[in-house]
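> In case you want the letters, here they are:
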Amino acid sequence: MPSIFNLIWSKEIREGLYTWKGLVWLVIASILFSFTSYLLLTNKELSLLDQAELLWLLSKIILVVALLIVTIDASMVIATEFEKETAESLFLAPLSIRDFILGKFLASFTLWLALFIVAVPYMLATSAGSHLAPAFLGYVLLLGSLGVIGFIFFIFALSLLYRSSKSTLTTSLMLLLAFTAPALFSSTLKTATVATTISKINPIDNIFSSLDNVLVDFQTTLSQNWQFLFPLIVFCLVTFVFLSFSISVFRRQGIIRNE
Amino acid sequence: MKYLCATVIVLSVSAGVFLPHATNAGSTPPLELTILSSRTLSGTAGEYVTVEGQVKNTGQVTLNDITTYLSLVDQENKLPVDLEDWSAEKGLHFDTIAPGQSLSLIWKIHFIKAGSYSLIIVATAAGSEVPQVSPITHFQVAIKHNLNPGNILPVAFGTPFGVAFLLSLLGYKRRKEVEA
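Protein chains in written order, with the numbering used here: chain A, 1 to 259; chain B, 1 to 180.
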């Protein structure tokens, strides 16, 4: 007999993956990757871009698209249960909040895996002829997963507190933008102490820096990237603590909150 | 009369002080710039060519602080071109060149964009306000026709179609399940 979180997960997947409109973003993402790969490879042929830099740029695009998609999905997936008032009937079943969150988490995480699978042919084609293909695929998967997990935890925590998809989505997108914009600054703009400190704790910055370390500087072992992986793991832990706090607030308030 | 005398003295002194400089400002340094590579270089965008030249001190005294640099003009648009992507080495500097001494100049040029260009080497030296220039080298850069850079085309076209096909299959399966 499938566990309850499995049922929630498969329900979300069926809703999302079995309809054209639910997954058309995946086709658009693949067109975006096609266009980007073509453009980057054209520049490489003109010797304007070396292969390592090409892979670094492509990996950044893949991960930003993934974080954007997951942010939008995660902002909706819990909050809409409250807005459509389906949460009440859901919790009438023998369903724990833990199963509810785990099922929703797996559904959002699956979107990232689906996007990663779509990106694999592009990653293989662009890294052909170099020794970087395994590191490229491995680190995009690892860093993307850590980033996505942290963001999902944070967004779910917000959803339980806000219970409004609009507020959750707005806040989450602003947070994503706040993390992404400084990460796109050049290294010369990050020399001040404040900028360096923010850069060290910013998860997106750590993802980009680790990719740079792997793909441009060829530092491919986990120990050589620990300085970037550690802040990402801390980010996931902090957001998990925030989610745990939101769950305890939710339990205290109950499904129907008296505003 | 007193003012007239003073004015004459000031003008004479001014002429004495400034005239020699004014004469120098109008002269080019005694440098001869020769192009050793072909005067017309052709290639396709993305390729590299080497421009070789020579700078020679044709004067009687040692020249100091000699800087040689490239100037590239787009002949179709009649505009100077920013050399940022075209050449990693913008200029070559020499502290001194002795009388009669020749030094070689080598630039690796990266053809960035298709078109017709003209290139000159410019040389300046300390104490000369007017630079010396070389004869023109013509670049004929052809466009690079490659519709399949890095063999990406099958992936670039195939993946979106593959994803769309897979989604259609899933949609079809879903409809069948609903009908059943």
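You may find that some hints are simply not true.
Each computed DMTMM-like pair below joins lysine to aspartate or glutamate, with the alpha-carbon atoms no more than 20 Å apart [stated by the list, open to error]:
hint	chain 1	residue 1	chain 2	residue 2
1	A	K11	B	E52
2	B	K144	B	E89
3	A	K44	B	E84
4	A	K60	A	D212
5	B	K144	A	E45
6	B	K113	A	E12
7	B	K173	A	E12
8	B	K176	A	E15
9	A	K44	B	D85
10	B	K173	A	E15
11	B	K113	A	E45
12	A	K11	B	E179
13	B	K108	A	E12
14	A	K44	B	E52
15	B	K144	A	E15
16	B	K176	A	E45
17	A	K21	B	E177
18	B	K108	A	E15
Here are the computed distance ranges between Cβ atoms for each label pair [stated by the list, open to error]:
hint	chain 1	residue 1	chain 2	residue 2	range
19	A	M174	B	I143	53 to 61 Å
20	B	K108	A	V120	32 to 40 Å
21	B	R174	A	L90	16 to 24 Å
22	A	V120	B	R175	22 to 30 Å
These aren't lab readings, by the way, just hints derived from the structure by calculation. Glycine included, C-beta positions come from ideal geometry on N, C-alpha and C.
> For each hint, tell me whether it holds in the structure or not.
Tested hints:
At most 20 Å may separate the alpha-carbon atoms for a hinted pair to count; K11 (chain A) and E52 (chain B) exceed this at roughly 70 Å. Between K144 (chain B) and E89 (chain B) the CA atoms are separated by roughly 24 Å; this puts the pair beyond 20 Å, and the hint is violated. Restraint check: the Cα-Cα separation between K44 (chain A) and E84 (chain B) comes to about 17 Å, which is no more than 20 Å; the hinted pair holds. Restraint check for K60 (chain A) and D212 (chain A): satisfied, since their Cα atoms lie roughly 10 Å apart, inside the 20 Å limit.
Of the pairs offered as hints, the one joining K144 (chain B) and E45 (chain A) holds, with about 9 Å between alpha carbons and a cut-off of 20 Å not exceeded. Taken as a hint, the K113 (chain B) and E12 (chain A) pair is broken in the structure, with Cα atoms around 50 Å apart against an allowance of 20 Å. The straight-line distance between the Cα atoms of K173 (chain B) and E12 (chain A) is roughly 16 Å, inside the 20 Å bound, and the hint therefore holds. With a C-alpha separation of about 15 Å, the suggested pair K176 (chain B) and E15 (chain A) falls inside the 20 Å cut-off, and the hint holds.
Taking the CA atoms of K44 (chain A) and D85 (chain B), the gap is near 13 Å; set against the 20 Å cutoff, the hint holds. As the CA atoms of K173 (chain B) and E15 (chain A) are separated by approximately 13 Å, the hinted pair is consistent with the 20 Å bound. Between the alpha carbons of K113 (chain B) and E45 (chain A) the distance comes to roughly 13 Å, so the proposed pair stays at or under 20 Å and holds. Distance restraint check for K11 (chain A) and E179 (chain B): the Cα-Cα separation of roughly 18 Å lies within the 20 Å cut-off, and the hinted pair is therefore satisfied.
A distance of roughly 58 Å separates the Cα atoms of K108 (chain B) and E12 (chain A); the hinted pair therefore is violated under the 20 Å criterion. Restraint check for K44 (chain A) and E52 (chain B): the C-alpha separation of about 26 Å exceeds 20 Å, so the hint is violated. A hinted pair counts as satisfied when its Cα atoms are at most 20 Å apart, and K144 (chain B) with E15 (chain A) does not qualify at roughly 47 Å. Taking the CA atoms of K176 (chain B) and E45 (chain A), the gap is near 47 Å; set against the 20 Å cutoff, the hint is violated.
Proposed proximity of K21 (chain A) and E177 (chain B) is supported: the alpha carbons are some 18 Å apart, at most 20 Å. Between K108 (chain B) and E15 (chain A), the direct Cα distance comes to roughly 59 Å. Violation of the 20 Å bound is thereby established for this hinted pair. A beta carbon spacing of about 44 Å between M174 (chain A) and I143 (chain B) contradicts the range 53 to 61 Å that was offered as a hint. Checked against the hint of 32 to 40 Å, the C-beta distance between K108 (chain B) and V120 (chain A) comes to roughly 37 Å, which is consistent with it.
For the pair R174 (chain B) and L90 (chain A), the supplied restraint of 16 to 24 Å holds, since their beta-carbon distance comes to about 22 Å. Look at V120 (chain A) against R175 (chain B): about 28 Å separates their beta carbons, and that is inside 22 to 30 Å.
Consistency note: the structure conflicts with the earlier hints numbered 1, 2, 6, 13, 14, 15, 16, 18 and 19.
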